[in-house]
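Q: Okay, here's what each chain looks like letter by letter:
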Amino acid sequence: MIWFLLRRLLWMIGTLWAVFTVTFFLMHAVPGGPFSSERQPPIGIKRAIEARYNLDLPVWQQYLLELEKYLHGDFGLSFKMGDFSVREVIAAGLPVSATLGVLALAFALTLGLTAGIVSAVRRGGLLDFSLMSLATIGIAVPNFVVAGLLIILFVFIWPVFPAGGWGTPMQLVLPAVCLGATFAAEIARLVRTGMLDVLNQDYIRTAYAKGLMTRAVVLHHAMKGAILPVVSFLGPAVAGILTGSVVIEYVFAIPGLGYHFVQSATQRDYTVAMGLVMLYTVLLYTMNTVVDVAYTVLDPRVKLN
Amino acid sequence: MNFRGRNWFVAALLLLLIAATAWALSNKPPQAADFTFVNNTEIRSIDPALALGQPEGRVIMGLFEGLTNWDPKDLHTIPGVAERWEISPDQRTYTFHLRDNAKWSDGSPVVAGDFVWQWRHMLDPLYATEYTYQHWYLENGERYTSKQFGPGDPVEIELHQRPDGALPFARGKVLHGKLIAFIAAPAPNSSASLPPSENAPPQPSATDKKDEPIYLIEIGGHLRAFQTVVDRDLPKWSLPPWAAAAIKDALEKSSTADSKDKTDAIPPAPQIEPSKNVLLDFSEVGVKEIDDHTLQIHLKAATPYYLQLVGFYPLAPTNPRCVETYGYPGWTKPEHAVTNGPFKLDSRVVRSRLRMVKNDQYWNAANVRLNSIDVFPIESSATALNMYLNGEVDWIPLAPNTAVPELLAQKRTDFKHTPEYTTDFYRLNCTRPPLDNKLVRQALAMALDKQQIVDAVVRGGEVIARSCVPPGLPGYESAMCSEYNPQRARELLAQAGYPNGKGFRKLELIYNTDELNQNIAEVMQAQWKENLGIDVGLQNMEWNAWLSASANMEYDVCRGGWIGDYLDPNTFLDMFVTDGGNNQTGWSNKKYDQLIDDSRREGDPAKRMKILHDAEAILMDELPIVPIYYRVSRNMIRPYVHGFYPTLLDLHPLDTIWIDEAEKQQFKDHGGRG
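First to last, the protein sequences are chains C and F.
The numbering used here puts the last residue of the first sequence at 300; the count rises by one with no breaks.
The numbering used here puts the last residue of the second sequence at 688; the count rises by one with no breaks.
Calculated from the structure, these hints are not laboratory results.
Warning: the hint list may mix true and false statements.
As the list claims (entries may be wrong) - In silico SDA-like cross-links for lysine to any residue, where the CA-CA straight-line distance does not exceed 25 Å: (1) F:Lys347 <-> C:Leu145; (2) C:Lys64 <-> F:Pro249; (3) F:Lys682 <-> C:Leu145; (4) F:Lys250 <-> C:Arg47; (5) F:Lys347 <-> F:Lys372; (6) F:Lys678 <-> F:Asn381; (7) F:Lys604 <-> F:Ala315.
Claimed, not checked - Taking CB as the label site, the calculated pair distances span: (8) F:Leu140 <-> C:Trp55: 19 to 27 Å; (9) C:Leu21 <-> F:Gln162: 36 to 44 Å; (10) F:Pro447 <-> C:Val136: 33 to 41 Å.
Note that beta-carbon positions come from the ideal geometry of N, C-alpha and C, so glycine has one too.
All chains, full assembly: derive it from the sequences and hints.
A: What follows is the structure in structure tokens.
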């Protein structure tokens, strides 16, 4: 286990370096920069500004300078929101995205697990059909459409929730539901498939033969196997949810990482974009490792290698 | 899975959920502010020097105050920190008298030196910003930023070490002297040292990084030599190998130039010292502190709109003590920031909320009626509109253009829809045939039915444009280009050698990705096809890609637009001088350049406007741009908000805004929405 984690850590450092490099050169390959604007300052001033941020150097020199800064833990100031450092942007955005993410995840798990189990048990019934149709729609419909519908319903027709912003618990509800809906649908389908798979196994028949109630069989015996696909889905999903949903945060004006991510990419805010890509890499990597470890806890057939 | 494993999993999740919810709930939202508005984007900084556009302007105009202010109704100049001023007959010297009771939010007085400090800071090439050029109206302002000086000029040397007792972020120690010689470094690839050129100013070059030059400077009768080194490189700085020979060479030359007496001993070569910067002496720049309350400004040329300009928000002062104590960005934090405007910074969460509260130290605080203002930086105009309609904010400055027809149809009185000092146009690349032919450009312009574009596509009540400078400014009459005339357009195109578009190559039209831009471009494409028989390919581009394609002139036809910075035709017209940074069409006209230059010298306002009109007439005949329409503002503001007026620049000082509480209550009683 220790060796496994150590090896993973080493790999992570390599991955981070590779991601840093690719991101850096991709970012500098797209046209425009943080200081391109509809209003061009006189050329001398433009040069002075660019020189201050080393943007006048050849790209590979900029790369080495940036890499050096990163190795020293200096992520720099935001280009576009100069009053804030990348650290401050992340420190302000991560808890926001995490809160929203955890709420969305709780909603998705509750709804997804329930719907999946019910569907599997009532296989072929009307309930199964309607739940799975809903789930298919949930996966197919992009979440900004869901957001639009919910805003029309719960902001304008039946005004219970605010239209956007951050700070009060009421402002959390709509975005959490929108963000969780797609994941709930995914989880429901995964659980149903996993459950159906398990319910046909011999040991389930044995459990029934012993005279156990359906409820006990499903929750205590079948769940074990059925939940495995969900766990592997949850790893990357959690990382994605924590770093924020790009669209949802934009639509509801939530100051989370997803919002920062989109803006930094479109505005060529090199430092913030790089910081977020690195953070995302770390989170994704960590979550995948956690999933691998969770597998050994949940399924004795899997061994860490 | 064993029970312990699953329970642990569920328990951990529950715990996380509870913790997250508790955290969310513990962040009690601050009490609602008196006045709330949506700012379209997170601002770059509250530092006036770093301002970029209107979003920064809305905040900075609340936090800071310049020498003059702009009247909220029509933006004419009214006193600000300066209570009165005198202008010399040649209109080049302005003497501003600062009011005694102008104070910073920490209680200290706003003095003339604060302006000098801030303006020097903005002119310093180490801190130059997008709006630095607004100080190039000052005598020698441009020379200071661009390091244009030669032997014999007074110079100042900033050292890396700070003077004793200076604040932690103060400027380095400054020495004053006279430049004796400027020694350029040899080109990086050639080992042989170049002959030192004495008159050429150092040319910062983007591609070939060579060593910094060496300056030979006489300070108090002693000869000293300096080389500029950036902070980062200071520890590893060493004497450049080419320096010794070059200095010796330069000394020989200068001593022989100084005196014909060959017996004069060549002074010993001085040690080279590292310096942070070598600049023209700031005393040469046209801004002087006469005393604490008198500031004298000397301009390069008469600038009729200068009084208005010094009220422009990027020219507002910052507090030198505050900036030098905390540095940037430390001083911009709410706990440190010191401001001199009607409001001060109370709190700020990035991309979430900026709270301003009334500044009790402000000289006119008695007339400021708002106690607090919340600014929400919200990028999506649709979200902003939702929040406005749901009663969550009092003002949104930009309703989404897709919603405008509906808002107009509803005849909403809170939708302020007034002309703006903004023109939307298309640039034509005058360096690429066949667009280098004036007849072709005229044909293209005349073949566009702009009324159809405005009525059927834009649908926001915009007015079609036939000039570069929008109408509405008293005293100036815009010069117009021809009206829509497809018949004449065909004749012009035939005259240019393309009857019915025969032989005319396909043009590439680019615009930044946006539904409205695309619809307009498609109509233009169809009109040009129908009226002239020419083909146009459309290409949408991501914002930054479009900007750089425009700047590098990698296009045939390119969407553009310009928002006036100040209320004077010059803000539009000086854009199209030869090689202007915002010209971006390759168009060049000697007569036009001359007229723009003449207008800068003309002291008589009426004559000056006539000159500018003549310049615009050339522009509208040559047509490097095809104006399409003048923009209109899209403000939505609650009826209970008073002191808010439509203005041509769509700028709205916050200090005069007040809320009628009775009306607000009435609005709330009726549901507080809609």
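Q: Now tell me, hint by hint, if it's right for this structure.
A: To see whether the hints hold, each was checked on the structure:
Note on Lys347 of chain F and Leu145 of chain C: the hinted pairing is violated, with a Cα-Cα distance of about 37 Å set against a maximum of 25 Å. Proposed proximity of Lys64 of chain C and Pro249 of chain F is supported: the alpha carbons are some 17 Å apart, at most 25 Å. Between Lys682 of chain F and Leu145 of chain C the CA atoms are separated by roughly 24 Å; this keeps the pair inside 25 Å, and the hint holds. Between Lys250 of chain F and Arg47 of chain C the CA atoms are separated by roughly 19 Å; this keeps the pair inside 25 Å, and the hint holds.
For the hint linking Lys347 of chain F to Lys372 of chain F, the alpha-carbon distance of about 17 Å falls within 25 Å, and the restraint holds. Using a Cα cut-off of 25 Å, the hinted pair Lys678 of chain F and Asn381 of chain F holds, with the two alpha carbons roughly 20 Å apart. Restraint check for Lys604 of chain F and Ala315 of chain F: satisfied, since their Cα atoms lie roughly 20 Å apart, inside the 25 Å limit. Our hint of 19 to 27 Å for Leu140 of chain F and Trp55 of chain C holds, since their Cβ atoms are close to 25 Å apart.
At about 39 Å, the CB distance of Leu21 of chain C to Gln162 of chain F agrees with the hint of 36 to 44 Å. Pro447 of chain F and Val136 of chain C have their C-beta atoms about 50 Å apart, which leaves the hinted 33 to 41 Å range violated.
Hints 1, 10 from the list above are not met by this structure, while the remaining hints are.
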